[in-house]
Amino acid sequence: MSAPSKDQLIDFIYEEARMLDEGRFSEWLDLWLPDGHYWMPLDYKQTDPHLVTSLLYEDMFMLKLRVERLNGARTFSQKPKSRCHHVIQRPFVDEMDEAEGTFVTNTSMHYVETRLDEQFMLALTATHSLKLVDGALRLANKRVDLLNSDAAFGNIQLLP
Amino acid sequence: MAPYQSPKLTVQDIAGMVQGHQVHRDVYTSEKVYRLEMRNLFTNTWVFVGHESQTPKKGDYYTTQIGDQPVIQVRHSDGEVKVLNNRCPHKGTKIAIDREGNTGKFFRCPYHAWSFKTDGCLLAIPLKKGYEDTGLHQTENVKGIKPVGAVYNHRGFIFARLAEEGIGFEEFFGDSLSSIDNMVDRSPEGRLEVAGPPLRYMHKCNWKMLVENQTDTCHPMVAHESSAGTAVKIWDELGNPEPRPPAMQIIAPFMSPYEFFEDMGIRTWPNGHGHTGVNMSIHSDYSAIPGYFEAMTQAYGEDRAKEILDENRHNTIYFPSIMVKGPIQQLRNFIPLGPNKTLVESYIYRLVGAPDELLSRTAMYNRMINAPTSIVGHDDLEMYERAQEGLMSNGLEWVNLQRLFEGNEDFSSEAVENGTTERQMRNQFDAWSRFMTSTMEGHAEAAE
Chain U
3 MSAPSKDQLI DFIYEEARML DEGRFSEWLD LWLPDGHYWM PLDYKQTDPH
53 LVTSLLYEDM FMLKLRVERL NGARTFSQKP KSRCHHVIQR PFVDEMDEAE
103 GTFVTNTSMH YVETRLDEQF MLALTATHSL KLVDGALRLA NKRVDLLNSD
153 AAFGNIQLLP
Chain P
1450 MAPYQSPKLT VQDIAGMVQG HQVHRDVYTS EKVYRLEMRN LFTNTWVFVG
1500 HESQTPKKGD YYTTQIGDQP VIQVRHSDGE VKVLNNRCPH KGTKIAIDRE
1550 GNTGKFFRCP YHAWSFKTDG CLLAIPLKKG YEDTGLHQTE NVKGIKPVGA
1600 VYNHRGFIFA RLAEEGIGFE EFFGDSLSSI DNMVDRSPEG RLEVAGPPLR
1650 YMHKCNWKML VENQTDTCHP MVAHESSAGT AVKIWDELGN PEPRPPAMQI
1700 IAPFMSPYEF FEDMGIRTWP NGHGHTGVNM SIHSDYSAIP GYFEAMTQAY
1750 GEDRAKEILD ENRHNTIYFP SIMVKGPIQQ LRNFIPLGPN KTLVESYIYR
1800 LVGAPDELLS RTAMYNRMIN APTSIVGHDD LEMYERAQEG LMSNGLEWVN
1850 LQRLFEGNED FSSEAVENGT TERQMRNQFD AWSRFMTSTM EGHAEAAE
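As you go down the protein sequences, you meet chains U and P in turn. Using the working numbering, the first residue of the first sequence is number 3, and each one after it goes up by one. Using the working numbering, the first residue of the second sequence is number 1450, and each one after it goes up by one.
These are calculated hints, taken from the structure and not from any lab test. All clues given are correct.
Within a straight-line C-alpha distance of at most 20 Å, the following computed EDC-like cross-link-like pairs (lysine to aspartate or glutamate) qualify:
1. U:133 - U:32
2. U:47 - P:1549
3. U:133 - U:17
4. P:1790 - U:120
5. P:1481 - P:1890
6. U:83 - P:1674
7. P:1481 - P:1846
8. U:8 - U:99
9. U:81 - P:1838
10. U:81 - P:1834
11. P:1566 - P:1547
12. P:1653 - U:120
13. P:1682 - U:70
14. P:1653 - P:1831
15. U:81 - P:1831
16. U:83 - P:1831
17. P:1682 - U:61
18. U:83 - P:1834
19. P:1790 - U:119
20. P:1506 - P:1549
21. P:1653 - U:119
22. U:81 - P:1674
23. P:1554 - P:1529
24. P:1653 - P:1838
25. P:1543 - P:1589
26. U:83 - P:1838
27. U:83 - U:24
28. P:1506 - P:1547
29. P:1577 - P:1589
30. U:47 - P:1547
31. P:1653 - U:152
32. P:1595 - P:1529
33. U:133 - U:102
34. P:1507 - P:1547
35. P:1790 - U:152
36. P:1653 - U:115
Predicted, not measured: the structure shown is a model, and the values here were computed from it.
Next up, chain U with everything else stripped away, as it sits in the complex (with noise of 0.2 Å):
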């Protein structure tokens, strides 16, 4: 890939949302740069991820950590697993600066979890901060913007 059309850039948010539905984490894993980051703040319009407390700020050694922990045979509140599902609107393209060779993107989701007999769902905001490198997109951060960031909620284990 030289630069990226908008439709290949629409077409990573929908294969990364595809991933994580279908479990594939290690994947998931791959698209991102070592230095990313994946925040979902706790207050609505958060600005700072580090002097107040956010739901997630993760570094690529907690998403690892986060991911191989799924796979644990002592993960006792993923026993059962939980499944999630991703509804993703169309995403808005708002930056392509193909000179930098990066992109954001914003899309607007419906998250839902399962386990047991539980489901519940979460309406999302996510950006994704792409980078093109060595002909390939790759995740260079991701920020979750949940509509109700500021509710009380029970576990949410998987990723929205």
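With the hints as your guide, set chain P onto chain U.
Structure of chain P alone, referenced to chain U:
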């Protein structure tokens, strides 16, 4: 609720549920017990409300609950923090519904515009002539929004006793206040400020399971093997790179062996308070943050600064319902919403005058361990909810709290013991039983 069918729980019923080394499962599952906890335990004890920095300016308010009672913490025009029942004396409408805000010089009920000073006193009622000769002035309603029984501000932390009469603040907490003191002393200016909103985590279990788990030192290496053990494994596979990733500093110590937790020690104080980490704790080995010790030395002198920072208490329970982590500047509030429903709010605080890196680590701790998205929190909640369901079994009705039980324990003075004892849980139930029944009919006879 099988064995306790009486329409109203008696002193004997409550006393019979706590037998030193064991408690009856009804303490976790019974709706009647929960109602009585709200009416007695959360009314007779001093319960955490908020931090004064949540309401820094006059008219600032914040809404929360003491047990099941909706309250408002508000900064009055005299600069004092008041705690009011969040209920209009007219029709019962909640006066404030948002989580925080500023009400200016008075509260105004949105339903019929009765208005009140920020200490609750009635200011005005529209069309007041409609109450002429009705006897309204003889009612309790006309006085205004009722304040709680008593309020105490200990170094910025606001506690309230709903009951107008009862045990004093200092008598109730005694030397346990040393943990809050140490947390505040860690600020070079001796002052904390709340940092952002709390994590809010809903648990379908009884609130006491959460409180007990704070000093349960035999669960981390078991329940959290999937997170802490996997962290250690990944770090090994990476060739143990230094500096260690943050997850290694924060999560990996949960995998420490039993001996480590035994050596940590547990201290209990009267009235259900206690803490883990007497000698050292899983928080002892965090990396030093440049400039912090210097700021502390400048503020306190080197000896005192060392003394403050050498205290690495793990979890301190302020009975009934909060836990404080001094070295992390975190407070967790376990708000009971029903026998099997608990809202956990986890707050963090800035050490005023300390480098930002400390707050950054604190925020990281909060989200890594105590968020609804935390891989550590997931396994804790899984255990609580499995227990809440399992306790419905009629096959066995007693819950065992016997680890390092010595029989006829006396909780009326401070004690320091092996860090894996369940004495602190027994201490909590001793206080639970006393504050549940102290205002009940028949209390005096039962005590004889």
